[in-house]
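Engineer: Sequence lines, in order, name chains C and L. Everything in the first sequence is counted per the numbering used here, starting at 9 for the first residue and increasing by one. Everything in the second sequence is counted per the numbering used here, starting at 42 for the first residue and increasing by one.
Think of the hints as simulated: they come from the structure by calculation, not from any bench. Mixed in with the good hints there might be a few duds.
From chain C, some residues computed to sit far from chain L (all C-beta separations above 10 Å) [stated by the list, open to error]:
#1 Gly14
#2 Pro34
#3 His93
#4 His101
#5 Lys135
#6 Thr187
#7 Asp237
#8 Leu281
Computed, partial: chain C to chain L, Cβ under 8 Å [said to hold, decoys possible]:
#9 Met56
#10 Arg71
#11 Tyr73
#12 Pro79
#13 Leu87
#14 Glu88
#15 Asn100
#16 Ser108
#17 Lys179
#18 Ala180
#19 Glu184
#20 Ser212
#21 Leu213
#22 Ala250
Cβ coordinates follow ideal geometry from the N, Cα and C atoms, glycine included.
Below, each chain spelled out in residue letters.
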Amino acid sequence: MIEATGLSKSYGRTRAVDGLSFEVQPGLVTGFLGPNGSGKSTTMRMIMGLDRPDAGSVTLDGRRYHDLPWPLREVGALLEAKAVHPGRSARNHLLSMAQSNAIPSTRVEQVLDQVGLTAVAGRRVGKFSLGMSQRLGIASALLGDPGVLLFDEPINGLDPEGILWVRNLLKALAAEGRTIFVSSHLMSEMALTATNLVVIGRGSLIADTTVQDFIDSNTEATVLVRSPDAGRLTGLLMAAGASVTTRDDGGLLVTRSTPAHIGDIAHSAGIALHELSPQQASLEDVFMELTSDAVDFHGSTAMAESS
Amino acid sequence: MSTTTAAPPDPVPTWESATAARSGRAGRAQAVVSEWTKVRSVRSTWVALVVIVVAGVGLSALVSNIEAGRWARLGLVDRAQFDPVRFSQTGEFISQFVVGVLGAMVVTSEYATGAIRTTLATLPRRMSVLYGKAIVIAGVVFVVTEVTAFVSFFVGQLVLTAHGGRTLPAGSSILTQVRSSTIPVVSITNTGALRAVFLCGVYLTLLALLAFGIGFILRHTAGVISLYVGLLLVLPLIVQILPSSLSDPIERYLPSNLGLAMIVVTTRKTDFAGVLMAPWPAVGMLALYTAAFGALGAWLLMRRDA
Numbered sequence: 009m010i011e012a013t014g015l016s017k018s019y020g021r022t023r024a025v026d027g028l029s030f031e032v033q034p035g036l037v038t039g040f041l042g043p044n045g046s047g048k049s050t051t052m053r054m055i056m057g058l059d060r061p062d063a064g065s066v067t068l069d070g071r072r073y074h075d076l077p078w079p080l081r082e083v084g085a086l087l088e089a090k091a092v093h094p095g096r097s098a099r100n101h102l103l104s105m106a107q108s109n110a111i112p113s114t115r116v117e118q119v120l121d122q123v124g125l126t127a128v129a130g131r132r133v134g135k136f137s138l139g140m141s142q143r144l145g146i147a148s149a150l151l152g153d154p155g156v157l158l159f160d161e162p163i164n165g166l167d168p169e170g171i172l173w174v175r176n177l178l179k180a181l182a183a184e185g186r187t188i189f190v191s192s193h194l195m196s197e198m199a200l201t202a203t204n205l206v207v208i209g210r211g212s213l214i215a216d217t218t219v220q221d222f223i224d225s226n227t228e229a230t231v232l233v234r235s236p237d238a239g240r241l242t243g244l245l246m247a248a249g250a251s252v253t254t255r256d257d258g259g260l261l262v263t264r265s266t267p268a269h270i271g272d273i274a275h276s277a278g279i280a281l282h283e284l285s286p287q288q289a290s291l292e293d294v295f296m297e298l299t300s301d302a303v304d305f306h307g308s309t310a311m312a313e314s315s
Numbered sequence: 042m043s044t045t046t047a048a049p050p051d052p053v054p055t056w057e058s059a060t061a062a063r064s065g066r067a068g069r070a071q072a073v074v075s076e077w078t079k080v081r082s083v084r085s086t087w088v089a090l091v092v093i094v095v096a097g098v099g100l101s102a103l104v105s106n107i108e109a110g111r112w113a114r115l116g117l118v119d120r121a122q123f124d125p126v127r128f129s130q131t132g133e134f135i136s137q138f139v140v141g142v143l144g145a146m147v148v149t150s151e152y153a154t155g156a157i158r159t160t161l162a163t164l165p166r167r168m169s170v171l172y173g174k175a176i177v178i179a180g181v182v183f184v185v186t187e188v189t190a191f192v193s194f195f196v197g198q199l200v201l202t203a204h205g206g207r208t209l210p211a212g213s214s215i216l217t218q219v220r221s222s223t224i225p226v227v228s229i230t231n232t233g234a235l236r237a238v239f240l241c242g243v244y245l246t247l248l249a250l251l252a253f254g255i256g257f258i259l260r261h262t263a264g265v266i267s268l269y270v271g272l273l274l275v276l277p278l279i280v281q282i283l284p285s286s287l288s289d290p291i292e293r294y295l296p297s298n299l300g301l302a303m304i305v306v307t308t309r310k311t312d313f314a315g316v317l318m319a320p321w322p323a324v325g326m327l328a329l330y331t332a333a334f335g336a337l338g339a340w341l342l343m344r345r346d347a
């Protein structure tokens, strides 16, 4: 379990993380969501003892990272995929890491095989694509077979097959009882991978909840209704306490009601329904709405869509 | 069965690591093994070490050859300054920059790529990282520069012998050298010879550690090399411009002159008389500089974010 309490960190006059508290439970994939520049990487570095918090603390199963006797055997991390000497081979990079924590060198071959880099293990890392570097970073996280795993943007640069592989890997690791904390700015990816969510914007906590609760509690249940007698139905629904918005195409968006209730009202009034469908708000919509105030750098629409 | 009982949710297994249980903690010993793997697994290390050996042995042969040709035409004063040991260690001038780059790059290459964060995450007790790196780079540089120094010494004396040189008897004075009709060749057992050759490697090892310490202070390769070259080359030039009342007391403490103090044998009695420190105090002085930069680097490493 990862426990952060009141974490704060400033760089000069920029407040990167501000009083952040959250818990990451074992046995689940927990997504760490926030727009770019919201303090995710800073938080990751503070968990790893690389940056010193100005205030607050973070512990891993009750201990500070600095106090772990063999850190790689307890915590594995992918922080920056390209943070490897370009002239060293993947195998020697992993070997030097294994030796630093007295991990048997047989683990090096195992993790190389696990991430599919065995064939290129002797090649200089500088020649690696971003996707291969990500795989090497994941291999280094797995090296000590740790119970806590941190991944900072693990799917960057991966092809669709690689993304699917990471998704399944994270779920499999969590199912073994490990604590998995994955940062991403891609909400749709987290919706598919994570069970729990820690959402931050401008360094502050926005939500610490499950993916499902996050969507439920931040969106009103909306039902799309189509009927040839939309006008009369609107009146009846509003009389029953629902609020109704008419779309340009004639469909009715009904909130503060349920599909069953709407169906009953229509039935008792003898109104035909052509469509009655609950609308699922995507995690993306919720996230955009929640963090729209908390984004440091607003791009123009065109830029935002291309990124 | 017509009714289905909801299966209880799968209990989350408790993670039991196969590798976590182990006594002791990751420290200096693991850092040394790990850093050795890093140093030996990049090509630049080997290129640098080959340059040290080739420059050392090659320049020894070249300079000894040139100096041997001059002996017959030298006057008494020049004959007194004829220093066969120093000729054999000429490559030291080039090697001091090579070992500086080696010492700096062990630190700065990791800051340049961000790999330092991996290193400090594997060994969160940061002094272990500093000791591990220092031990490995000092060990590698010491072994290679000592071997180079001794091979260079013997190659230099062989070249002088080939020009008709004769080994001076042990304990012979400058006067014997000046009066000698043949080119003087030095035996390793002659006064000061063993010390000078051995200290050449010590000098280069201390310089590698000096650059290493600066590496943790400045963290950028270009900055470290600039300061390092400044200390060795530019500082002496600045001191030379000063009036001698100012420069005389400073000169002997310059790193480059400390190196000279360790390596020269015959010459010290003549043209450097009074300018150079005695050899072993010079070692102590340079070690002090190295320790000072190292201590500042260590203090910053402990304090700063990675």
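Engineer: Hint check: is the beta carbon of C:Glu184 less than 8 Å from a beta carbon of chain L?
Structural biologist: 6 Å, holds
Engineer: Could you let me know if the closest chain L CB is still more than 10 Å away from the CB of C:Leu281?
Structural biologist: Consistent with the label, C:Leu281 stays out of reach of chain L, its closest Cβ about 32 Å off (over 10 Å).
Engineer: Taking the shortest Cβ-to-Cβ distance between C:Lys135 and chain L, state whether it exceeds 10 Å.
Structural biologist: 13 Å, holds
Engineer: Can C:Arg71 be said to touch chain L, with a Cβ gap under 8 Å?
Structural biologist: 11 Å, violated
Engineer: Quick check on C:Leu213 please, does its C-beta sit within 8 Å of some C-beta on chain L?
Structural biologist: 22 Å, violated
Engineer: Let me know if the C-beta of C:Ser212 comes in closer than 8 Å to any C-beta of chain L, holds or violated.
Structural biologist: 21 Å, violated
Engineer: C:His101: least C-beta distance to chain L exceeds 10 Å?
Structural biologist: 8 Å, violated
Engineer: Please check whether C:Met56 passes as an interface residue: C-beta within 8 Å of a C-beta belonging to chain L.
Structural biologist: 5 Å, holds
Engineer: If you take the shortest Cβ to Cβ gap from C:Glu88 to chain L, is it below 8 Å?
Structural biologist: The hint holds - C:Glu88 has a Cβ within 8 Å of chain L, the shortest such distance being about 5 Å.
Engineer: Going by Cβ atoms, does C:Pro34 stay more than 10 Å from chain L at every point?
Structural biologist: 6 Å, violated
Engineer: Find the nearest Cβ of chain L to the Cβ of C:Asp237 and say whether that gap is larger than 10 Å.
Structural biologist: 41 Å, holds
Engineer: Is it the case that C:Gly14 keeps its Cβ farther than 10 Å from each residue Cβ in chain L?
Structural biologist: At roughly 18 Å from the nearest Cβ of chain L, C:Gly14 sits farther out than 10 Å, so the non-interface label holds.
Hint violations for this structure: numbers 2, 3, 4, 6, 10, 17, 18, 20, 21 and 22, all remaining hints satisfied.
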